[in-house]
Amino acid sequence: MPDLDLLQGTLDTLVLKALTWGPRHGYAVARWIKDTSDQAISVEDRALYVSLHRLEERGWVESQWGLSENNRKAKYYELTAAGHRQLKAKAREFTTYAHAMFKILETT
Amino acid sequence: MRRIPSFRRLMHISSSRSIEHDVDAELLFHIEARVEDLMREGHSRADAERQAKREFGDANEARRELATIDRRSARRAGWREWIASVKQDVRISWRSLRSRPAFTITVLLTLGLGIGANAAIYSVTYAVLLKPLPFGQPERLVHLWETFDGPVDRRSEGSYPDYRDLRDRTRTLSGVAGYQTSGVLLGAEHPTTIRAGTVTANFFDVLAVHPTIGRAFRAEEDAVGAPRVIVLTDGMWEREFKRSREAIGSSMILDGRPATVIGVLPSSFRFGGRASSPDVWIPIQQDDLRDSRGSHWINLIGRMKSGVTVAGVTRDLSSIMNDLARDFPESNSKRSAVAVPLRDELVGSVQTLLISLYAAVIVVLLVACTNVANLTLMRGTDRERELAVRVALGAGRGRLVRQLLTESLLLSVGGGALALMVAKFGIKAVIAVVPERTLVSIPGIASAGIDGRVVAYAALISFVAAIAFGLLPAIRATRASIHGFLKQGVRGSSARAGLRDGLVVAEIAFTVVLVSGATLFAKSLRNLLSIDAGFRTEHIATAGILLSPTIANDRARATQAFDRLTAALRGVPGVESIGLVNRLPMNAGETWDFEIVGRPHSLPGQAPTGSIRKVGGDYFNTLGISLRRGRLFNSGDTEHAPRVVIVNDAFVRAYFPGVDPIGQGIIRRRDTLRVVGVVHDVAIGKVEDPVPPTWYVPVAQESAGFMRVAIRTTRDDAELFTRLSTMLGAIDANAAVVEPASMEDLVNRSSSVFARRFPLILIGAFAAMALLLALVGIYGVVSYSVGQQRRELGIRMALGADARGVVGLFLRRSAVVAMIGAVAGIVVAIVSARFVAGMFYGVRPSDPLTYVGASLLLGVASLAATFIPAMRASRVDPTVTLRAE
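Respectively, the protein sequence lines represent chains E and Y. Using this note's numbering, the first residue of the first sequence is number 1, and each one after it goes up by one. Using this note's numbering, the first residue of the second sequence is number 1001, and each one after it goes up by one.
One should not assume that every hint holds.
Stated by the list, open to error - Taking lysine to aspartate or glutamate and the EDC-like style, the derived pairs with C-alpha atoms no more than 16 Å apart in a straight line are:
hint: 1; chain 1: E; residue 1: LYS73; chain 2: Y; residue 2: GLU1639
hint: 2; chain 1: E; residue 1: LYS34; chain 2: Y; residue 2: ASP1451
hint: 3; chain 1: Y; residue 1: LYS1686; chain 2: Y; residue 2: GLU1792
hint: 4; chain 1: E; residue 1: LYS17; chain 2: E; residue 2: GLU56
hint: 5; chain 1: Y; residue 1: LYS1053; chain 2: E; residue 2: GLU56
hint: 6; chain 1: E; residue 1: LYS73; chain 2: Y; residue 2: ASP1451
hint: 7; chain 1: E; residue 1: LYS73; chain 2: Y; residue 2: GLU1330
hint: 8; chain 1: E; residue 1: LYS34; chain 2: Y; residue 2: ASP1022
hint: 9; chain 1: Y; residue 1: LYS1428; chain 2: Y; residue 2: ASP1451
As the list claims (entries may be wrong) - Some, not all, of what chain E presents toward chain Y, calculated at C-beta under 8 Å:
hint: 10; residue: LYS73
hint: 11; residue: LYS90
hint: 12; residue: ARG92
hint: 13; residue: LYS103
If you are wondering where the hints come from, they were derived from the structure by calculation, not from laboratory data. The C-beta atom is built at its ideal place from N, Cα and C for all residues, glycine as well.
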């Protein structure tokens, strides 16, 4: 498993991204990450929930109990305005970082 | 997604149990959803459950971790909500206070004045009475007096040989030191005068004070002929050396001779009382009085050993003095010694004064608080409707009380802030009232100011005042409103009207106390100033003449210098006459023993004594002291002429009753002086004290280095003093004119006048404040009852009552309230005046006129405050009022 700090920060950003399409429960977030990354990113579900709860603590997401597709009680998470801002900032950071890395690696 | 309204969320409840429950439910949902998906992909249930659990990771760890995060987050949310609700309370309170500006401003001003005056006096009282003296273990320091049990019991300074014996023989004191103060000349040409403390070398050791730079005196430095050294006060270091460390080791010219600076005292160091806070400290080095047991001139202080009491020190000293009286009966018979705590000696004179001022200002505070209570009570009734509506809408009583508490706290913060401004101004005003000479003798008063302690004090008082006199009445008002309002409409209950009247009674009573106190001081001052002190004060300019030491110590040259100065002054146009004296009236000085020719020699310690004054020029005529018999001194009474003396009436009464004093002989040491005249009594010490037997000798026949000149003139004083300096410079380049002042100023600054004028001004100011507050209170209460009784008045007037009847109704009621208040006030005033009876002069603490006057003033004031709102009531149009109901 890669460095935990990096992982946590990365995971938080992925979770925020997962919620940009509206409220989702934890399981849906997990599925979305696995499907969208073509199974390339695989994390323990536990870590994902820790991330969701932390994001809620920081006020970047809000949670609410709702009913799932098959009528079961599930906890839904939703981005707050602060969460949207955080996601934007993180996305910019990653892009800059990735560009820099590519540039260095492609130097011959 | 369909939302489920969560009851818990709605009620902001998040117990620990519910958090864990939620976490479990969330995780369970995840596992179940995953298992279902896997089974849909074709896994067996058991297989699916295993895989789901593997993908999830350590579930127990996760439950713990998530619950921890959620609990933390719930706590934070709770805080955020609490702060939001406080903000809301503040916002509501702010709006509510702003919507009633008259109420708010009155309460703020009332609290500001009451608490501000209080904080100012507290600051001064703390600085003077409570702040530890700036010495090490100051509670162990004592002042030592020699006592004399003769025809008059009295205390005196010690003699140097007695000091030496007390210091060496005491068992109760770890150290005894001596000090004295005098003016000295600083600088070579055109010197200025500064105050010097002349001390024994161990003085600072006994005080346990260490210089911040340099050192204190060494044991050998108070020996006769030792090198001259100086310890500077912080102020002097600043003034002369701009706080440079180079000061140590540099030289200053004191009294015409160089002396080396060896140390600088801490800035906190102040030594008041009999030393009047000198600017520099030098060791005692002169030898002329060291061996004379009969000369009492040195003030003594001592440091008690641990476990010793002041009474123990007195016993110890008395037994030493008894031994000395046996060994040296000529000088020491009937002499003993007594120790008093140094603090009492330094601040004793102002202690009663400050405590009475503090009491007075507490009374002002009570009036202020009563006002606040009254205003709040009335406002509480006014807002019954608002509060009742909120109760009806579901606000709990706790929520309402919290709201009222917030309002009270806002008022207390505002009032407290205002109070600090009032206090800042007040402290300055108090210090400005104190004459400079008195100021330096009250240690610490100059250090009074707004510091953390005063801020804390003001905050505490405003908090307590706001809670006790703002919140409690408000809660009382809500109770009534919650229970009764919606049922029966607006009508103040008679119980509350009674409470309001009770508060007005209290206000009037407190104000009567202050007004009578101020009146008693005013009468004392008037009586004091109307005393015939035996001399005239108008158009007399006075100044001290400090000759350079070489001339001052040579009798012939000093006499010549004073003669030349007098002659030069006589030539100034507008100068009518000039007198010289070693001490002006109202300045107790030395007392000399003597024998009377033709009478048996007195027993040791029983010789007649009299206050001595050395006079020159045309002293008696200048001060308008009238001659009763015989003649005044004239130019024939020179150094070589027969010795002469003039005595006062008290002297004749004491020593020559029924005998013609003229021509009698008085023996002083080896000289015989002939009485040539008798003059009218003149106040020697305090103007209210009986005049002691006094004898005057011509300065030409006595040595006198320091003299004061009294000039009767029609000229402007300031200009005269400039000329005096110039003329003196021509006679003695190194002499200085010190303490120039008109005789009237000296009288006004004297401690007797100060002791009445100071409390008069302050208590007068407090009485005015209390009166103002009481007027506001009465006005408020009457206006309010007018509002309340509008309906009743309307009916009365509809039934034919006229305006005069309505006004009379209110006036009668106020008169009764004022009368009860005045009676209560008089009782309190008479009781408290007894405690300070010693501060009054020529007026008894139970002076009936004073109390009648104060009551009348309050009566008239309270009727005036009633009249305006009552007039308004009488103009009520009955039809309008009745329709409004």
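We went through each hint and held it up to the structure:
About 122 Å separates the Cα atoms of LYS73(E) and GLU1639(Y), which puts this hinted pair outside 16 Å; it is violated. At most 16 Å may separate the alpha-carbon atoms for a hinted pair to count; LYS34(E) and ASP1451(Y) exceed this at roughly 66 Å. For the given pair, LYS1686(Y) sits about 64 Å from GLU1792(Y) by alpha-carbon distance, which is inconsistent with the 16 Å threshold. Under the criterion of a C-alpha separation no larger than 16 Å, the hint pairing LYS17(E) with GLU56(E) is consistent with the structure, at around 14 Å.
Restraint check for LYS1053(Y) and GLU56(E): not satisfied, since their Cα atoms lie roughly 24 Å apart, outside the 16 Å limit. Of the pairs offered as hints, the one joining LYS73(E) and ASP1451(Y) is violated, with about 62 Å between alpha carbons and a cut-off of 16 Å exceeded. The hinted pair formed by LYS73(E) and GLU1330(Y) fails the criterion: a straight-line CA distance of about 113 Å is larger than 16 Å. Annotation: proposed proximity of LYS34(E) to ASP1022(Y) is violated, straight-line Cα distance about 25 Å (limit 16 Å).
Using a Cα cut-off of 16 Å, the hinted pair LYS1428(Y) and ASP1451(Y) holds, with the two alpha carbons roughly 14 Å apart. Interface hint status for LYS73(E): upheld, as the beta-carbon distance to the closest one in chain Y is roughly 7 Å, under 8 Å. Interface restraint check: LYS90(E) against chain Y, minimum CB-CB distance 20 Å, threshold 8 Å, status violated. The criterion of a C-beta within 8 Å of any C-beta in chain Y is not met by ARG92(E), whose closest approach is roughly 27 Å, and the hint is violated.
Because the smallest distance between the Cβ of LYS103(E) and any Cβ of chain Y comes to about 36 Å, over 8 Å, the interface hint for this residue is violated.
Of the hints listed earlier, those the structure fails to meet are numbers 1, 2, 3, 5, 6, 7, 8, 11, 12, 13, in rising order.
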